[in-house]
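J.: Place chain B on chain A using the hints.
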Amino acid sequence: MADTLAKQVQQACEQLDQVILGKAQQVRLAVTCLLSGGHLLIEDLPGMGKTTLAHALASVFGLADSRIQFTSDMLPADILGVSVFDAPSGAFVFHPGPVFTQLLLADEINRTTPKTQSALLEAMEEGQVTQDGETRQLPDPFFVIATQNPLTQFGTFPLPESQLDRFLMRINLGYPSPEAERTLLMRGDTLSRRQRLPAVLSPEKLREAQQACQQVHASSDLIHYVQRLVQYTREGDGFSYGVSPRGALALLRCARSWAWLHERQHVVPEDVQRVLEPVVGHRIRAAEDMAGHTSARLVSELLSRVDVMASG
Amino acid sequence: MKQVSVKPVDKLSRSAVLWQLIACVAVVLPNVVWLPAWVLLLGAGCIAARVMIHTGRWSFPHWSLRLLLVVAAAAGLLVSFNRDASLNAMVALLTVGLALKLLEIYRRRDALVLLYVALFVAATVFLFEQSLLMAVYMCVAVLAVIAALVSVWQDPLREEMLRPLKLASRMLLPALPLMLVLFFLFPRIGPLWSVELDRSAARTGLSDSMAPGDISRLTRSDELAFRAVFEGEPPAPSLRYWRVLVLSAFDGRSWTVGSSSARGAEVLDVQGETLTYEIVQEPSRQRWLYALDVPLAAPPQAQLTMPRTLVSANEVSQRIQYSLTSAPAYQLATQLSQAERRAYTQLPSRGNPRSRELVSTWLNESQGDVVTLIDQILAYFHASFVYTLEPMALGEHSVDEFLFDTRQGFCEHFASATAFMLRAADIPARVVTGYQGGEWNTTQRYLTLRQYDAHAWVEVWIEGQGWQRLDPTAAVAPERIEMSADQLFSGQAGFLADSPLSARRLIRQGWLLQARMRYDALNFAWQRWVLNYHHQQQNLLQDWLGGITPWKMVLALLVPGALVLGWLAWRLLRWPQPQDPLQRHLQRLLQRVARQGFQRQPDETLNRFVARVAAHSPALAEILQPVAEAYEQLHYAPSTDAQARQRLLAAMRQAETRLKS
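Protein chains in written order, with full-length UniProt numbering: chain A, 1 to 312; chain B, 1 to 661.
Since the hints were made in silico from the structure, they are not lab data.
Backbone N, C-alpha and C define an ideal beta-carbon position, used for all residues, glycine too.
No false leads were slipped in.
Straight-line Cα separation of at most 25 Å, SDA-like style, residue types lysine to any residue; simulated pairs:
#1 B:Lys552 - B:Val181
#2 B:Lys166 - B:Trp567
#3 A:Lys7 - B:Pro638
#4 A:Lys7 - B:Ala637
#5 B:Lys166 - B:Gly561
To list a few chain B residues with every Cβ distance to chain A over 12 Å, as calculated:
#6 Asn82
#7 Leu93
#8 Gly213
#9 Ala236
#10 Thr274
#11 Ala343
#12 Glu357
#13 Asp369
#14 Arg407
#15 Asn523
#16 Arg658
Extracted from the complex, chain A is given alone in its bound form:
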């Protein structure tokens, strides 16, 4: 059963590949994030297909989706919803905001103020919204794909570290390869294609798959490896701060999903290495004297310093 389920998810990935050309790796990472039940942050320049990916994911997994385009003048109520006085009933009636959906695309999250960002991030963490002293459950599954422009762009509010930590993964899409781009140009508009994507899976199947992922075996040797990696970010030179225990858990969780997606019954170090950069990249920060390093370079240094086969 697990096999067929994994196969179905792989089929879904292949469907996505039809829309997001030449980004098989990123597509599978996004699916892994979804399988791990975490939120995804896509960081890239405008027009790289972030929104397309989010929409395609929602269609393929059969999820209800909504989209918020963040602007600098948005308020929390614009996301969460608002209680309006209903004169005939003489009571406040809650009008749910766009957050009440299964897959929320939060476009350009760093264009809005920290206050509004916090409102969304709290909803992401708690899986519920508290408004006017009343707590309302968000649907399950609830999955946020936030996109943000690189921080060097003008007019952005960078996400604080504590809030970055709430995203399970951060991925970059990057420019497409020349072949992929040629195909894209020849095919023209992607919008219509995306809308025609059939739903391969249902939310129930997704939940089942999420459970199956966490059944994947992680041996003590593998857990030692994960721990050594995390330890190195805390003790190694060149890190101003390291990965939190939540980050360590996230790493193992994603490695499990990645292994499951590739039809393995146990996690191997390669799985950890594959998901390491997306999971850990936004949770570490280079020390001051290594300011020139991007997180990708830090992660590759981390990989090369921690011996995967060391005993213990």
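T.: Okay, now just chain B, sitting in the frame of chain A:
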């Protein structure tokens, strides 16, 4: 039979069991020559049982069977050794214990007990034999025991035989400097207690009395008596008379030392040059020492007797070394007191009538001239007597029967008869026993005297000349004096009858003889410089350190120990080795691959590494692929059992052999 369950943790590998057997056999082997046959049979049986138990064909014996074996073995020891708590009995007991312990090796601790006892047995071997070859052999045997100890502690999955040996050699190597320091500096302390060596296996050698047949019996043995080292040329063969005992009392059948007077040594008038030499004497369990005819003075711890033989203050129970000077040409005791004269002409009042009659006839013919009488005696022997190793038994009138009936004898017969006849003619005479001749070793310039060189001759006192050596054997068989006993007797039946496999019996010429001489010389050097090192040690320490003080000793022992330990610690810190034997094995394998130009990066798992290697060298990748798979299976797959380890080990071993070829 009850099945004893063994915890897998304590399981011993197949190579560990084999090493234990090898170690046990190696340490017992030198004692095989004297151990009772049933002990050897028991040992062989236990080894066979151990093999059967280990291969699972038999189960461990029930406790009642083991108890039965213990009781039977104890009873056997009591019978074999006649309830004598000798050293041999003790070593036999240890050996039996070693053999029986083989039947109950359930876990690691039992194997350790076995090997510790084996080390003890190894040490006892030196109580019986201390030759150079034995020392070399025991080094090998101890190496085997250490290898067995190593194998006991190794991973139960390991089955290579050579690895424990290599490891043991590497462990013993750092112990070498410490051993040398201990050898050179550790004071030789006398034993606090000692156990008598088995009396029944007492040393063969001269005794303080001489009856017909005593000395010819000695020719059955090739046991070493002593060696004499000469600075210059050795004396001519005809002068190699080694004086041990002077026998002056005769009871009609045997000669004994007789009552010794308290007077000092007889006066010696040296004529010509003296010879200085050194004697290395084997333990004889007697007090007398050996000297070339005739010694000038006694070495320390010994004294000269009246007839100029040497007596040590203590029984010679271990190999000793002493330096002597002798005068080959001499005049001894030109004056004889009345009492001495009486003593040296004493004979039993009756017995041997025919001999007395013969002597009186001769005396009449020679008109009392001593020299003529002696010539007559020697001529008589020369005419019709046979010199043989196996003379016939003699009865009550031993001299008569020898002179008139059997007419065949060995040196003691001739010496005894001659001394008797001289005394019958009222001429002072005495029998001297000792050794004659010796084998000259040219490489190391020493003479080797063995029990078969034992000899007896006569000293006769002649007015104005003192005591003169008179060897009647020389009249009958001059070749005995000119040749070595070895060459002379080789064809005769009784010679070396007690040592049928003696090398001396088999090797008499050619390069084999050369080789034997060289080995003998080497062994002698070993005995003089290594075993007897304590003589030199005192002087050496005096020279080097200005005497031994406790703190100097401690310093001398601590400094090398600290150096060795420091080096080991440095090594361990420098190259931390993974504790898991599989990891170590893998590291070795990867080092071997690295030498072919492929270095695994820290972030590369074996699978990724193999994939990278495959891009450049598919053949090498193909060899490594099974290892990578087994490694992943063992380290990351859900069920990691012992079989997974076994599979990885097998894969690594196979890869290693394929890499080598």
